[in-house]
Amino acid sequence: MAALRKTIYLDNAATTFPKPREVLDEMIEVYSNLGVSPGRGSYDLSMEAEGRIMDIRREVCQFFGGSDPERVIFSYNATDALNTLIQGLIRPDFRVVSSRLEHNSVLRPLHYFSQQGIIRLDLIPFGSEGFIDPMAVAEAIQPDTSFVILTHASNVLGTVQPVERIGAICRKRGVPLLLDVTQTAGLLPIRMEDWGVSAVAFTGHKCLLGPTGIGGLVLSPDLDVRATRFGGTGRDSLSLVHTQVYPQRLEAGTVNVAGIFGLSAGLRYISRNGIERIYANELGLAKRLRDGLNSIKGVRVYPATLHDPWVPIMLCNVDGMDPEDLSSILDGDFGIAARAGLHCAPLVHDDLGTSPKGGVRFSLGPFNTDEDIDKVLEAMTSTTRAK
Amino acid sequence: MERTAQTAPARQELGERVRHIAGREITFDGEGFLWDPHQWSEDAAVALAGEAGLKDLSKTHWTILRFLREYYFQNGRSPLNRQIKEGTGISLMEMEALFPGGIKYGARRLAGLPNPRNCI
Chain G
1 MAALRKTIYL DNAATTFPKP REVLDEMIEV YSNLGVSPGR GSYDLSMEAE
51 GRIMDIRREV CQFFGGSDPE RVIFSYNATD ALNTLIQGLI RPDFRVVSSR
101 LEHNSVLRPL HYFSQQGIIR LDLIPFGSEG FIDPMAVAEA IQPDTSFVIL
151 THASNVLGTV QPVERIGAIC RKRGVPLLLD VTQTAGLLPI RMEDWGVSAV
201 AFTGHKCLLG PTGIGGLVLS PDLDVRATRF GGTGRDSLSL VHTQVYPQRL
251 EAGTVNVAGI FGLSAGLRYI SRNGIERIYA NELGLAKRLR DGLNSIKGVR
301 VYPATLHDPW VPIMLCNVDG MDPEDLSSIL DGDFGIAARA GLHCAPLVHD
351 DLGTSPKGGV RFSLGPFNTD EDIDKVLEAM TSTTRAK
Chain F
388 MERTAQTAPA RQELGERVRH IAGREITFDG EGFLWDPHQW SEDAAVALAG
438 EAGLKDLSKT HWTILRFLRE YYFQNGRSPL NRQIKEGTGI SLMEMEALFP
488 GGIKYGARRL AGLPNPRNCI
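Note that the protein sequences, when read in sequence, are chains G and F. Those letters in the first sequence? Residues 1 to 387, per our numbering, in order. Those letters in the second sequence? Residues 388 to 507, per our numbering, in order.
Next comes chain G alone, as it looks inside the complex:
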């Protein structure tokens, strides 16, 4: 198995790897004892599992600065959560404001509804340093804008968007702001209520250090999301109408119990180790990597200049080399796993001028070391010298 060789893993923006041992141990331990259908029966185990999952909803709610644990909805990942949110809020003939920094998990559902003539879509550009101007959001909001949906941090550039300022604008204009926190949850504190954010969509398998297959939404009490999937919820079984009660309104079918336990274990790991400390460590390494890459002739880092705040994600290219080949060389010759291509964010690459082949993205995680950075810089130096 490739994973058994010593790989310097720098694709943490896709999935953090490896997972902390204690997260996996705790997940297995809890699932071994409570891995039943939660809230689906009157026997003790089912009720205990439901109680434990409700406790985790409280943990998640607190972690994101929400106010109602019953408005914590579990999904399979951020894409699933965003689809639930977008499809549950879409109204014909309304406008939606988003940005060109978004991942396809936001762009594709919005594009679909726009192509179908159901909504009008306004995409805000980002500046040369990778940030959205809050004033551009203010200008884009029209009387018929139903919501604004933005990424908290670009999954290509790592730039963290001025959400507090945008949230204040949206609040003032009475338009819900929905935030995709896929790249920031677990690295930066998120205070959705304080920032005027009506919903966050998250995934568990990135910086929250949980397994794949678990994600979710945290909704503010004033945001009403229609159910777009229907089925068993463990309540009101006599009725053929899907329940309107949260969280089951948006959770048809049995939730990913093992994933939820893993998510909880990841949150505890972050709490024990300190979110600020984890972020500071990763950012320190990322800055070293970025400075080192910038000093290698023939390496182009995007954007050319970068200002805080950002999360430890960076994009680069080697002059005259296909990004997929660069990624193959780093992997095959140096044991470095980095992600080539468009990173499911095609408009970002369009605007950077890196389409259609994209670039190579390095994204750091909690287990990267100074030695990893040294090796990447050595590898990039050797690769560019050979060109």
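Hints were generated in silico from the structure; no laboratory data involved. Hints should not be assumed to be uniformly reliable.
What the hints assert, rightly or not - Pairwise CB distance ranges, derived in the manner of DEER restraints:
1. G:P18 with F:E418: 31 to 41 Å
2. F:E457 with G:S271: 33 to 43 Å
3. F:E418 with G:K6: 27 to 37 Å
4. G:R229 with F:E457: 40 to 50 Å
5. G:D44 with F:G463: 32 to 42 Å
6. F:E457 with G:D291: 50 to 60 Å
Claimed, not checked - For lysine to aspartate or glutamate, the following DMTMM-like pairs were computed, each having C-alpha atoms within a straight-line distance of at most 25 Å:
7. G:K297 with F:E481
8. G:K357 with F:D416
9. F:K442 with F:E418
10. F:K446 with F:E457
11. G:K387 with F:E438
12. G:K387 with F:E481
By construction, the Cβ of each residue, glycine as well, lies at the ideal position given by its N, Cα and C atoms.
We have chain G; now place chain F onto it with these hints.
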């Protein structure tokens, strides 16, 4: 990720194109990869290499192309990066320099392997 069988509309979307090369009809996708690795021949590889600006395929080129094909047909998938290096004894960096178009659009394409179409 290896490409699986595609429906006709999907193939059309991927830019299917038929050409006559070295006495054979060969179907390519929009990026110049063969749809069917069985349509490949050494003559076709030489012709495609010439089109890419590579007048002669050296012994090293053939070592790489044959390894890629043998691995593909034995395992039903293309070799991993480290397996290419181990199997040929040639670094990926050298390989990138040897083929116009590099590893993916050079070596893999000339070997007639399906377009990997990784999630880019």
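Going down the list of hints, with the structure as the test:
Distance hint check for P18 (chain G) and E418 (chain F): the Cβ-Cβ separation is about 34 Å, which falls inside the suggested range of 31 to 41 Å. Separation of E457 (chain F) from S271 (chain G) is about 52 Å and departs from the stated range, judged on CB atoms against 33 to 43 Å. About 33 Å separates the C-beta atoms of E418 (chain F) and K6 (chain G), a value consistent with the hinted range of 27 to 37 Å. For R229 (chain G) and E457 (chain F), the hinted distance range of 40 to 50 Å is satisfied, since their beta carbons lie about 47 Å from each other.
Range check, D44 (chain G) to G463 (chain F): about 49 Å between beta-carbon atoms, so the 32 to 42 Å window is missed. Remark: the range hint 50 to 60 Å for E457 (chain F) to D291 (chain G) is contradicted by a beta-carbon distance near 44 Å. With a C-alpha separation of about 19 Å, the suggested pair K297 (chain G) and E481 (chain F) falls inside the 25 Å cut-off, and the hint holds. At most 25 Å may separate the alpha-carbon atoms for a hinted pair to count; K357 (chain G) and D416 (chain F) meet this at roughly 17 Å.
For a cut-off of 25 Å, the pair hint linking K442 (chain F) to E418 (chain F) stands: about 21 Å separates their Cα positions. For the given pair, K446 (chain F) sits about 16 Å from E457 (chain F) by alpha-carbon distance, which is consistent with the 25 Å threshold. The suggested pairing of K387 (chain G) with E438 (chain F) holds, with an alpha-carbon distance near 22 Å, which does not exceed 25 Å. Using a Cα cut-off of 25 Å, the hinted pair K387 (chain G) and E481 (chain F) holds, with the two alpha carbons roughly 10 Å apart.
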